[in-house]
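2 protein chains.
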Amino acid sequence: MRDFTFYNPTRIEFGKGKELNIGQYVNEFGVGSVLILYGSERIKRDGLFERVTASLEAQGVVYESAGGIISNPLISQVREAIKSVKENKLKGIVAVGGGSVLDSAKAVAAGAKYDGNVWDFFDGKAMVKEAIPVFSVMTLAATGSEMNTGGVVTNDETRQKFAIMSPHLFPKVSVINPELMASVTPEYLAYSAVDIFAHCLDLYFTASHFPGYNAALIENILDTVIRTTNILLENPNDYDARGEFAWASTMALNGNTFVGVEGNTYDTHMIEHAMSALYNVPHGAGLAVVLPAWMKSIKNENSARFERFAKKVFGVDDADAGITRMTEWFSAIGAPVTFAQASLTVDAVEPIAANAFGNAQLWGMDKMYPQERIAGILKLAVK
Amino acid sequence: MRDFTFYNPTRIEFGKGKELNIGQYVNEFGVGSVLILYGSERIKRDGLFERVTASLEAQGVVYESAGGIISNPLISQVREAIKSVKENKLKGIVAVGGGSVLDSAKAVAAGAKYDGNVWDFFDGKAMVKEAIPVFSVMTLAATGSEMNTGGVVTNDETRQKFAIMSPHLFPKVSVINPELMASVTPEYLAYSAVDIFAHCLDLYFTASHFPGYNAALIENILDTVIRTTNILLENPNDYDARGEFAWASTMALNGNTFVGVEGNTYDTHMIEHAMSALYNVPHGAGLAVVLPAWMKSIKNENSARFERFAKKVFGVDDADAGITRMTEWFSAIGAPVTFAQASLTVDAVEPIAANAFGNAQLWGMDKMYPQERIAGILKLAVK
Chain L
1 MRDFTFYNPT RIEFGKGKEL NIGQYVNEFG VGSVLILYGS ERIKRDGLFE RVTASLEAQG
61 VVYESAGGII SNPLISQVRE AIKSVKENKL KGIVAVGGGS VLDSAKAVAA GAKYDGNVWD
121 FFDGKAMVKE AIPVFSVMTL AATGSEMNTG GVVTNDETRQ KFAIMSPHLF PKVSVINPEL
181 MASVTPEYLA YSAVDIFAHC LDLYFTASHF PGYNAALIEN ILDTVIRTTN ILLENPNDYD
241 ARGEFAWAST MALNGNTFVG VEGNTYDTHM IEHAMSALYN VPHGAGLAVV LPAWMKSIKN
301 ENSARFERFA KKVFGVDDAD AGITRMTEWF SAIGAPVTFA QASLTVDAVE PIAANAFGNA
361 QLWGMDKMYP QERIAGILKL AVK
Chain G
1 MRDFTFYNPT RIEFGKGKEL NIGQYVNEFG VGSVLILYGS ERIKRDGLFE RVTASLEAQG
61 VVYESAGGII SNPLISQVRE AIKSVKENKL KGIVAVGGGS VLDSAKAVAA GAKYDGNVWD
121 FFDGKAMVKE AIPVFSVMTL AATGSEMNTG GVVTNDETRQ KFAIMSPHLF PKVSVINPEL
181 MASVTPEYLA YSAVDIFAHC LDLYFTASHF PGYNAALIEN ILDTVIRTTN ILLENPNDYD
241 ARGEFAWAST MALNGNTFVG VEGNTYDTHM IEHAMSALYN VPHGAGLAVV LPAWMKSIKN
301 ENSARFERFA KKVFGVDDAD AGITRMTEWF SAIGAPVTFA QASLTVDAVE PIAANAFGNA
361 QLWGMDKMYP QERIAGILKL AVK
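Residue numbers (the UniProt record's numbering), protein chains in the order written: chain L, 1 to 383; chain G, 1 to 383.
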């Protein structure tokens, strides 16, 4: 066990109808005005927007709203929202949506207290020193953003998909109501499952020091994701499966899997962010393409762990069979596992590799991942 | 998944030498004076007390100290400590020790802000409305108190072993340095292992709604405890094993195992607290006697879960074999599994059952556990 600090003060309010209390949660923190940030207008048609605003109104919390946040969210939208927060002197943000909305909300929260360019937090020019409080009502489980300090946003001018991260960005309260997730499309459910896989496996296969407890925790999360995804594709309204899936996604990136480990890196995310940034591939779809290729490329460096993965997660005996089973499962649930399936051609390999190498430089991984190595991994996925 | 709120703001500082920063941690919370609460004087001989006080002094934190807190800590000692805090107008508490010291510190923290009788918080006459901040430097891993809201103290006049519980009692920062635990005796290591087992199994075998994720989390904790205890009995200085053991103990009672479950009760704790209260049996030793007997008494009510336990934790095929293996393992590591081994006679059965029934009444479990049923379970352990 290596030294660590574990600290996660986000309160999770999990269960049916918990969004009806959002006004009360906001009020508890003394926040009297908020920006409601959301994605598609569907939340207005299905009544969620109204339930949230009614709850805020009942507590005397005034609000503005800004919608249209897209998957692979853009810094231009974040800038617009910051403007609204500053102009209206709003004291907090309520994100209603999935990881893209909440990630954007975190950037807005930091930008609201900053006079410079909000992108400074992403490219390392500035550190977040304060932020207005963020609350969330989640409609998709995948990114783990509801209980961590990070957010990922794409710069539409530079085509860089970078991350903001700060303890000031823990959501104060996140609402997880599995019923709000029942309408997620099968496609996005599959992408979400793969995203959780990638959060787990980037760690599982890269950590140089990796306690047995952590390994088994990750295997439990993956097993939960497989089991519940299979149920949900049959029956999208299975409340318990939806709930366990959501909690597995939260646990995969709220700090628990990282305690006491050393040497872990975010290899598939480093590569995939380039795909999304350049070709607007859904994050989970891109990961489904990258993950098997990356695993094939490193399996001989850490064969004991690959054998353990094969055995514990897919019940097969050797490393290759484990990767094959995982890839087959991705396909079975509807995630693309080749460039072609993700509507990419071989011509995309070099641009993605070049963009990903930029990520590698920013993340201090450039020695380990020269551009040619990244291109080599991508070629394994072209097929 | 049933509705739940998850909230745990305790910061864990884990690793070698982290106690050297305790002054800084206290200072971060604006606390300028503390009571150092501890158990035996050994921490003065081995230098820990001096390292803690030097760290406090370097930050300008003034302190008083109070030692002598015993295993199965007493409310009379808590009262003394509250007096010292009030007289010296101390603003926080640093607990240096194991669960008994920290549990006492939590009671002192609540009592310091209360004009009435501190026992009111234990017998349900009053709710904790505020408390002074608690910090801890742990020297024993077992109770999970370092990252939760609870504390258990015995009333030396009434021989009641009751619990205090409040969100105000989360430690602000807990230091877990596995090196400080290397001198725990093999006997107390075994008792600690059993305590963690009981925290897990009270939940595992009583929850009426129990998600698969939670079951596997508990199996992981138990597996970690077995694996690391076996290593530590051979080599008490194995740092990684000591660290994983400590983290397993924290995870067993910091809320993670309870998310989304329903219907769980604290059966073995309800019974064991009576043993400790009346006969001053070490808590873990008492649990080692109660746990196998209790499991035998309920195994037919929930046979699927007993079979799962047998298979996942001990690799055997039927429920009885699982209980037998667990009991054998308790014996092998040096925990008593019968009344005789715990220096109790059959004459203790009725007094323990009567006292435990008092706990059952306080915890709302008296319909489920009439005194005769408790006596029946205890008799299974007399042998």
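These aren't lab readings, by the way, just hints derived from the structure by calculation.
Incorrect hints may appear among the rest.
All copies of an identical chain are treated as equivalent in the list; a pair is satisfied when it fits inside any one copy or across any two copies.
As a list, the in silico EDC-like pairs of lysine to aspartate or glutamate whose alpha-carbon atoms are at most 20 Å apart [to be verified]:
id, residue 1, residue 2
1, Lys16, Asp3
2, Lys44, Glu262
3, Lys16, Glu262
4, Lys299, Asp320
5, Lys113, Asp238
6, Lys16, Glu179
7, Lys311, Asp120
8, Lys172, Asp3
9, Lys129, Glu28
10, Lys311, Asp223
11, Lys89, Glu41
12, Lys367, Asp46
13, Lys129, Glu328
14, Lys113, Glu157
15, Lys16, Asp320
16, Lys91, Glu157
17, Lys83, Glu57
18, Lys296, Asp156
19, Lys89, Glu64
20, Lys367, Glu262
Note that the structure is a prediction, hence the values are computed from the model and not measured.
Now the hints, each set against the structure:
For the identical chains of this complex, Lys16 and Asp3 are inter-copy neighbours only, at 7 Å across copies versus 38 Å inside a copy, given an alpha-carbon limit of 20 Å. In this assembly of identical chains, Lys44 and Glu262 lie within 20 Å of each other by CA distance neither inside one copy nor across copies; the values are 45 Å within and 34 Å between. Taking the shortest Cα distances, Lys16 and Glu262 sit within 20 Å of each other only across copies (15 Å), while inside one copy they are farther apart (38 Å). For a Cα distance limit of 20 Å, the shortest separation of Lys299 from Asp320 inside one copy, 8 Å, qualifies, whereas the shortest one across copies, 41 Å, does not.
Taking the closest pair of Cα atoms, Lys113 and Asp238 never come within 20 Å of each other, the shortest separation being 42 Å inside a single copy and 47 Å across copies. Proximity of Lys16 to Glu179 under the C-alpha cut-off of 20 Å is restricted to the intra-copy arrangement: shortest distance 7 Å within a copy versus 45 Å between copies. In this assembly of identical chains, Lys311 and Asp120 lie within 20 Å of each other by CA distance neither inside one copy nor across copies; the values are 44 Å within and 53 Å between. For the homomeric pair Lys172 and Asp3, the shortest alpha-carbon distance between copies (18 Å) is at most 20 Å, but the shortest distance inside one copy (26 Å) is not.
For a Cα distance limit of 20 Å, the shortest separation of Lys129 from Glu28 across copies, 16 Å, qualifies, whereas the shortest one inside one copy, 23 Å, does not. When the C-alpha separation of Lys311 and Asp223 is checked against a cutoff of 20 Å, the pair qualifies both within a copy, at 12 Å, and between copies, at 17 Å. For the identical chains of this complex, Lys89 and Glu41 are neighbours neither inside a copy (25 Å) nor across copies (57 Å), given an alpha-carbon limit of 20 Å. Taking the shortest Cα distances, Lys367 and Asp46 never come within 20 Å of each other, neither inside one copy (49 Å) nor across copies (45 Å).
For the homomeric pair Lys129 and Glu328, neither the shortest alpha-carbon distance inside one copy (45 Å) nor that between copies (55 Å) is at most 20 Å. Taking identical chains as interchangeable, the C-alpha atoms of Lys113 and Glu157 are never at most 20 Å apart, the minima being 23 Å within one chain and 57 Å between chains. Taking the shortest Cα distances, Lys16 and Asp320 never come within 20 Å of each other, neither inside one copy (42 Å) nor across copies (39 Å). For the homomeric pair Lys91 and Glu157, neither the shortest alpha-carbon distance inside one copy (29 Å) nor that between copies (53 Å) is at most 20 Å.
Proximity of Lys83 and Glu57 under a CA criterion of 20 Å is satisfied in neither setting, with 23 Å inside one chain copy and 47 Å between copies. For the identical chains of this complex, Lys296 and Asp156 are neighbours neither inside a copy (32 Å) nor across copies (64 Å), given an alpha-carbon limit of 20 Å. In this homomeric assembly, Lys89 and Glu64 come within 20 Å of each other (Cα to Cα) only inside a single copy, at 10 Å, whereas the closest approach across copies is 47 Å. Taking the shortest alpha-carbon separations for Lys367 and Glu262, only the intra-copy value of 18 Å comes in at or below 20 Å, while the best inter-copy value is 50 Å.
Consistency with the previously given hints fails for numbers 2, 5, 7, 11, 12, 13, 14, 15, 16, 17 and 18, ordered from lowest to highest.
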